[in-house]
Structures are given as structure tokens and as C-alpha cells.
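Starting from the structure of chain A, add chain B where the hints point.
For the record, the sequence lines run as chains A and B.
Those letters in the first sequence? Residues 0 to 284, per numbering that gives the first Met the number 0, in order.
Those letters in the second sequence? Residues 0 to 337, per numbering that gives the first Met the number 0, in order.
Worth flagging that the hints you see were computed from the coordinates, not collected in a lab.
Cβ coordinates follow ideal geometry from the N, Cα and C atoms, glycine included.
Treat the hints with caution; some may be incorrect.
[As the list claims (entries may be wrong)] Selected chain A positions facing chain B (Cβ under 8 Å, derived; list incomplete):
1) L94
2) P113
3) T117
4) T118
5) E124
6) G129
7) L158
[Said to hold, decoys possible] Pairs of lysine-lysine, DSSO-like flavour, derived with a Cα cap of 30 Å:
8) A/K168 with B/K64
9) A/K259 with A/K240
10) A/K233 with B/K64
11) B/K290 with B/K204
12) B/K232 with B/K335
13) B/K25 with B/K250
14) A/K231 with B/K64
15) A/K168 with A/K233
16) A/K98 with A/K259
17) B/K232 with B/K262
18) A/K231 with A/K267
19) A/K231 with A/K201
20) A/K170 with B/K64
21) B/K335 with B/K204
22) B/K64 with A/K137
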Amino acid sequence: MQTLTPQRLRELDLKATDVREGIIRALLAAGSGHSAGSLDMADIFTALYGHVMRHRPEEPNWPQRDRLLLSCGHIAPVRYSAMANFGYFPVDELLTLRKFGTRLQGHPERVSLPSVETTSGPLGEGLAQGVGMAQAAKMDGADFRVYVVTSDAEHQCGLHWEAMMTAAKFKLDNLLCIIDRNFIQIDGSTEEIMPLEPLADKYRAFNWEVFECDGHDIAAFVATVERAQAVKGKPQVIIAKTIPGKGVSYMEGDYTWHGKPPNAEQAKTALAELAATRERILAHV
Amino acid sequence: MSDTQTLDRAARAMSLVDYRDTASLKQLPTRNGFGEGLLEAARANRNVIGICADLSESTRFEGLKNALPEQYLEIGVAEQMLVAMAGGLAAVGKIPWIASYAMFNPGRSWEQVRTIMALNEANVKIAGAHAGVSVGPDGATHQAIEDIAIMRVIPHMFVVVPCDSVQTKKATLALSQTFGPTYLRFAREKSAIVTSEATPFEIGKAQVFREGSDVAIVACGILVYNALMAADKLSRERGIECRVVNNHTVKPMDEAAILDAAKTCGAVVTVEEHQIHGGMGSRVAEILAAKHPTPIEFIGVDDRFGQSGDPVELIEHYGMGSAAIEAAVLRAHARKRA
Numbered sequence: 000m001q002t003l004t005p006q007r008l009r010e011l012d013l014k015a016t017d018v019r020e021g022i023i024r025a026l027l028a029a030g031s032g033h034s035a036g037s038l039d040m041a042d043i044f045t046a047l048y049g050h051v052m053r054h055r056p057e058e059p060n061w062p063q064r065d066r067l068l069l070s071c072g073h074i075a076p077v078r079y080s081a082m083a084n085f086g087y088f089p090v091d092e093l094l095t096l097r098k099f100g101t102r103l104q105g106h107p108e109r110v111s112l113p114s115v116e117t118t119s120g121p122l123g124e125g126l127a128q129g130v131g132m133a134q135a136a137k138m139d140g141a142d143f144r145v146y147v148v149t150s151d152a153e154h155q156c157g158l159h160w161e162a163m164m165t166a167a168k169f170k171l172d173n174l175l176c177i178i179d180r181n182f183i184q185i186d187g188s189t190e191e192i193m194p195l196e197p198l199a200d201k202y203r204a205f206n207w208e209v210f211e212c213d214g215h216d217i218a219a220f221v222a223t224v225e226r227a228q229a230v231k232g233k234p235q236v237i238i239a240k241t242i243p244g245k246g247v248s249y250m251e252g253d254y255t256w257h258g259k260p261p262n263a264e265q266a267k268t269a270l271a272e273l274a275a276t277r278e279r280i281l282a283h284v
Numbered sequence: 000m001s002d003t004q005t006l007d008r009a010a011r012a013m014s015l016v017d018y019r020d021t022a023s024l025k026q027l028p029t030r031n032g033f034g035e036g037l038l039e040a041a042r043a044n045r046n047v048i049g050i051c052a053d054l055s056e057s058t059r060f061e062g063l064k065n066a067l068p069e070q071y072l073e074i075g076v077a078e079q080m081l082v083a084m085a086g087g088l089a090a091v092g093k094i095p096w097i098a099s100y101a102m103f104n105p106g107r108s109w110e111q112v113r114t115i116m117a118l119n120e121a122n123v124k125i126a127g128a129h130a131g132v133s134v135g136p137d138g139a140t141h142q143a144i145e146d147i148a149i150m151r152v153i154p155h156m157f158v159v160v161p162c163d164s165v166q167t168k169k170a171t172l173a174l175s176q177t178f179g180p181t182y183l184r185f186a187r188e189k190s191a192i193v194t195s196e197a198t199p200f201e202i203g204k205a206q207v208f209r210e211g212s213d214v215a216i217v218a219c220g221i222l223v224y225n226a227l228m229a230a231d232k233l234s235r236e237r238g239i240e241c242r243v244v245n246n247h248t249v250k251p252m253d254e255a256a257i258l259d260a261a262k263t264c265g266a267v268v269t270v271e272e273h274q275i276h277g278g279m280g281s282r283v284a285e286i287l288a289a290k291h292p293t294p295i296e297f298i299g300v301d302d303r304f305g306q307s308g309d310p311v312e313l314i315e316h317y318g319m320g321s322a323a324i325e326a327a328v329l330r331a332h333a334r335k336r337a
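Just chain B, same shape as in the assembly:
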């Protein structure tokens, strides 16, 4: 099973690694990709700077801090200040990346984000770290699962949720070169790296990671891996072929890719580590309800808060593991026939 030649045609076209080979699969936190991408972007453009709110290690600001201290500012535990000061810096031509835990930025700073970043059309980039219940032991106070919802409703905002560390680096570089207020979301724990250096990345362009015409699984973030695992198992055991879409840009969402997936498959399952209400899947539903009504099942946290625990245990408990995705695919598949 470790031969990439046996991978699905779409996966080969996307230059994915053989994610089925759990023994050789590399695992790194998505935030690592942010740290690497930021340093590279800052080296390429001295106007790219980082502003930190006392979380340089966990947000992976350390690379920039050590290598280019003149492009790094530390302001302490002050997330509203983080956004407002970045707005001022951006107004004079800087490209500030501001990072904290997603719960505090944009969680605590939402009105500043709306007024100073979005209404002002400021070129400020938020890196939201430690999103999702997979934050683990810190518990509900630190597990942002509402952040996609509060960001995607703001006009002008880019909202990007990359699927692994390699893609997070590419997203950081791409967003550094794209003018506009931005929210990049990533997670705390190590997660499977399914893409490779050769995998393309373009903001606003969803990616088909696996071909299939029975049910479309539209996923974002680290759960894309679970979606791929579920799809493979359904293929092996039930002969159900799922198209898996890595829907990394929540806003502006790739409507054509969503519509194509819905039209081809006739049933959709959305997968995100976020509240079901208001998240990526809700946007998919808005698009489909308006343009191509299709049965949809939603994988995500169902109107609850997280809690302390082991990340994998929490993903399972809140119904976002690959078994839960398989079950949702079967439900969607059944609704399609009905």
C-alpha cells in the first residue's frame, strides 16, 4: 500500500504523499508551516513583520524573532492592541502578521477586526493558532470552534484553513503577497502531512484530493486526512466512491468547485473542526441551497463546548473521527437514493 502509483488519479495529480501508509506518514503541527512561511515571506519583503502577544513559541513566531528581530514586535497580552496597532502599521505600508490563540484573536478582538481591519481595508493578517478541540488538555476556554463563523461574515475578509503543515507554509506565503484583511487558521497538535512541496496552492481554489462520484466530502483543516481515510475505507469495504475536496479557502469560497462536486455526486458531507453552525459547511449549504439543492450531512461540533482531553479522544468524542465521517457519508448516500 506504500506505492504512490496505486493512489487515486486525483491524488497523484495533486502530488499528494501516500497518506494510506501510516508508518511513513509524517506528522507536524500546521503552525510549524506558519513559522516557516512567515520567515520566508519576511526575508523576501522587509515590510512583512510579526507582532506577538506573548505567545512567540506556541504561535511559531520564534523563527522570525531570532532571525529578523527588527521585523518583530512584542506587545504582551493585549489582543485588541494587536489588531489596532497592526492597523496603524498597515496604514503606513507594513504587512503585519499578528498571532495569538484564535480564541483571543479574533475571539477577543472581533470588533477591532471588523472596524480596523475590514471596514478600513487594512492589509493585516491574523494567524489564529490553537483552533479546534484538538488543542486538547487546555480545555474549552482555549478551544476556538466559533472563529470561522465570526470571520466569514465580515466583508472583504480572506478566511483560509490549510490542511497540513506544508500547505500552511504555502498559504502564509501566498497571503503575505495578497492585499487584504486575512484570517489564517491552524491547529496545535501534530497532524498528518498529506500534501507535498509539489502540491499546488492557490487562494480561493479548492482542490480535489480524491476522485469519486457517489458522495462528495468537502473538508478543511487537519480533518482532510480523516476524510481521505474514510473515503478509502468506504471504497474498500462498500464500493462507495467519494470525491474528497480540500476546501481550504472558506472565504471567498470556490463556488464552482462546490457546485461541481454536488452535481457530480448528488450528496455532500462537510467536515470541519468547528461548530457546525455558521462554519465552512454552512457556507457550502448556503451555496447549494441557492444554486443546486443537494442532501448535505455536516461533520463538526454540534452546538457544544469542548473540554480537556487527549486531542484524538476529543476529535472522536465530538464526532469528527473517520468513523463518524463514514457514517455521515452513508447517511448522505441513502438520502440521495430516497
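Pulled out of the complex, with its shape left as it was, chain A reads as follows:
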């Protein structure tokens, strides 16, 4: 990974705002979909596509690419918007989200859109598949890395813990799990529905190397990824603290935005806020 210069960091912060804008436009056009988690992972997806990952937008199935699996498939808008904003397809295609004939299925499908890596939506299955990819890399002596983005609520699925055990058994140090720790799910707070804490200790007990960071600080996230990738012989996890709905004031921290899109009026407000954010970044030299 290259050094993250202040200039590059500023570009990425602007890009994250573009990604959020794409999410809002796509969700408005679709008329359904998941706002809060998509918005809160915009900074991390921007960091992954813009700095961390080895990939070729013009050659999505390049065999040496790093693999990014989105386990919580319902926040597909953030992945689609990041892909569009980093050159995989025209940004306008985001407006086809969830519509008949689209490549941008409501939940992402591998055969529909190249480099999506796997079909997801049924929760708790991404890490397990990432384990398979990381193990295949070990068997073949390939040097690509596997990144798995999961939600916190997915940890309520048993399969995720099967995957945690397996990753440790096979010493998959080419595997990095990133948790969107936003503390919400459809029915409310994760800690009320099924307490996950102490989450870091649980990973440590499963023989993972654990890191925590602010999921909205791209520089901090990139630095954490670098530390994680220096670990040998163990899989790593970054518990990224995020604010659901981040970037749109009326959505921030409100779990009811988990599974709904903005209406036209709300989208207008959101886009105005994002435009103001962009101005602030540009003004800050």
C-alpha cells in the first residue's frame, strides 16, 4: 500500500461524499432499500477502493485482484456507488438499482456484476466464503488478500462463528474482516436484541488479532489496515465504529433508517447537506 498523503486523503474525503451522493440518488430512484448502513460504510468503501485494495476497474475479474466480499448484502448501494465512482461503470447506472433487468440487484449477485465476488443477502455467510477464498490463495501460493465486510448484527448468525473458528485453524493471515459496528438492526439496537459485547474479546478468544477504529476517519482506517496486515499467522478483524446514516443529519443514529429509502423531499435535504460537506472539505486547505 502506498503512503496516504494529505492531498490524497482530501481526495478520498471528497470521493466519500460522492459515494454518499450516489447512494442517496440510487435509493431515491429505487424507492426501496437500505439507507443507514450504506451511508455509514461510505468512508470505508472509499478507502478500500481508493487506497487499500489491489484491483483494476477496467478488468474486474483480474485474477490477482484483492477480493472484497460484502457479507451484509443489503447495504449493496454503498458497494455499487463506490464501484461506479471508482470507474467500474457509469455513475448513472446507479439509477437502475433494484429495477427490472438491472445488474444492480437488490442484493448483490456474483453472476450479475463482475467482481462482486459472491451473492449475498442471506446474512452471516460472507466470512465463511472469504475463508474459502483465503484458503484457496494459501493453497495456490497466490498473494491476493481477502477483505470481508460484515455487519454487527450478522454476528447473531451461527455460521459466522463457524467461519471465525475455521479462519483461525487455517491461520489465514491474508484475511481481514471489517465490522460495521453501528449498533443497529431492523428491530432496534443490537445490544437490546442480542447483546454482542464484549465483541473484541470474543474475537480474541477465537484466536483473531483485533483492532478497533473510527469508521469515518479514512486516515485512521488505512493506518489500522496496515497494522492488521503486518500480523502473521492469524486472521485479523477491524471493529469499525460507525454512525448509522452518517452524512445525513436526520438519519444519523436513527435505527428506523435501516431499511428504508429517502423520499424526494428527504433526498433533496440529504443532497444539500452532502453538497455543504463537499464545500467544507474544499475550503479546508
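Quick look at chain B alone, frame taken from chain A:
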């Protein structure tokens, strides 16, 4: 009776052994053929691997485990993990065979099978061991008799139920070389080997094991032997000549062979060690109802669970022995005349 020259012309064309000669008939579990086929496939292609969920001996993974340990992974009692991890491995070019008891994989892992294997179009192969009530003493919890139904309704899926150990080996080799999500089903107990090394095998191509034009018996799995025995007895004692079709590929089913059997014979009996509802016979019925309505009798478990017992005793109890097949043929034959 031990002279293969006296075998039916179709049986000779298929290079069957003389299955009537019970004294010299060899018996081996179909799962043995899986173990042999897997090792051979893995030797031929290093991308062929096995992933085991704590059942290496009973699924016959041991050959691979001992001979090619670098192509073998053990993940413990975690059948959903089995499918999901295999999906990841397949996405990077591996050809994973995953095996457990059919009750747990695909039984426990069905949604992963649908999403990660089929919707994803992943080249993952499930070996479902210990299918059918002939699992015996372990009882109903371990006797998968719904697995064909839940697998055959999934788009893109290959579903193959070979008739004996020799054919299971051929199926394992053929499926290892055929891209796509796959379910190969086999049984626990020793069963009669009716095919030989020379018997052809092609995925999706049903085989006529015995010629006849009175009633067609369409069977799969280890009950093909019972079907042949029933057909021979009906010929000797009643002069009813049955065509016996080894319908090993449940999906994609050989529609032409099914239609030809129905048109030639005018009545059909399906035979499988599975629930009647939703299984191989149901697919035969779907084809015939749509294209050539024909009287059908179904041999299989009739909407019940299995139980502990001796395998042969259970096959008889649930109405899948050769006497039950004979009775079904007579019923089908009578309906044809009516």
C-alpha cells in the same frame, strides 16, 4: 442361471454382471465408489479437493486424506460452513467435493446450497452419504429421504443417484469434470453391484438395463437391483416383460428415455429410496403428465419417517422390496388395460 449369455439383450448391451446369480454377486457400499472416484479425480487434477465435516471414514474421504493430504481439509461438525467455504474455494478455481450425511448436507445447509452454490453458479460438489432408510440402526434423524426433493427444485443443480458402487465411482469422476453445482447421493449399506467396468455412464443419460414392453420400471439408486429382481420374477412367473430403466440422473432428467419408456410400455412404476412426494418419481410424473399421460405407480416412502432397524427389514417395511415392486407392476399393468 450364472451364464451372462442368458441375460436379457439390453443387460448384455450394458455389460451388466449376471445379477441373478446371488451366490457370485458382489456387494459393496456405493460410498466406496465415491472414495475411489474422488482419489482418482484428485490425482488427475490438483484443483479437486475434499472438505470433510468430521466424517472422513463414513463418507470414504480417507483415501484422499491419506494419499493427498494437501488436497484435503477438515473443518469439523459445521455443515453450513462446509458449503460456504467450498463456495469461496470454488470462486478461486478449486473443485471442492464436500461430504457429510445427506441429512446434514444438504439437509442442514439448504439455504447456503441455494444461494452460494446454485445462485452463485459455483462449481461445488456435494456428496450426500447415508441417504435412505437403509442407513438402518441410526434411525430417522440420520435417514435422509427428502434430499432429492429439496435438491431437484434448485435451478442449475445436477442431481445424480448411481445404482451401485462401480457406477458411483464413474459418476464421481464424471461430475468432477463437469462444471456446475452438483448433488451426488449414495447409501451406507453394502448393496449389489450390477454394473461392470465396461458399463457406460453419462450424466443425464438414463440406461435401459432390461428390455420389455409391458410395464416400465424407472428406478434409481440401490433399488435398481430390486427392480431387476422383480422384473425377472414377473417374467418367469407371469410372462409380464418389464423394461427396467436406471434413471441415475434425476436432474437434468433424460426426458426422451422417460417418454420412450412410457410410450413403449404404456404404464410406469417409479422406484426410489426416498419420499414418494417430490422425488425422482415425481419428476417422472411431471414429465408424463405434461407430455404423455400414462398410468404410474410410485415405490418409495409414503409420507412417513424412518426408524431404527436392519436395512433390509426397513426396505421391506417401507414397501420398497422386490415383492412390493412386483405388486406395483401388476397394479400398473391392470390400469393400463382398464
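Hint by hint, here is what the structure shows:
no., hint, result
1, L94, "violated (25 Å)"
2, P113, "violated (12 Å)"
3, T117, "holds (6 Å)"
4, T118, "holds (5 Å)"
5, E124, "holds (5 Å)"
6, G129, "holds (6 Å)"
7, L158, "holds (4 Å)"
8, A/K168 with B/K64, "holds (17 Å)"
9, A/K259 with A/K240, "holds (22 Å)"
10, A/K233 with B/K64, "holds (25 Å)"
11, B/K290 with B/K204, "holds (19 Å)"
12, B/K232 with B/K335, "holds (20 Å)"
13, B/K25 with B/K250, "holds (29 Å)"
14, A/K231 with B/K64, "holds (27 Å)"
15, A/K168 with A/K233, "holds (9 Å)"
16, A/K98 with A/K259, "holds (16 Å)"
17, B/K232 with B/K262, "holds (23 Å)"
18, A/K231 with A/K267, "violated (47 Å)"
19, A/K231 with A/K201, "holds (20 Å)"
20, A/K170 with B/K64, "holds (20 Å)"
21, B/K335 with B/K204, "holds (27 Å)"
22, B/K64 with A/K137, "holds (18 Å)"
Checked against the numbered hints given earlier, this structure breaks hints 1, 2 and 18; the rest are met.
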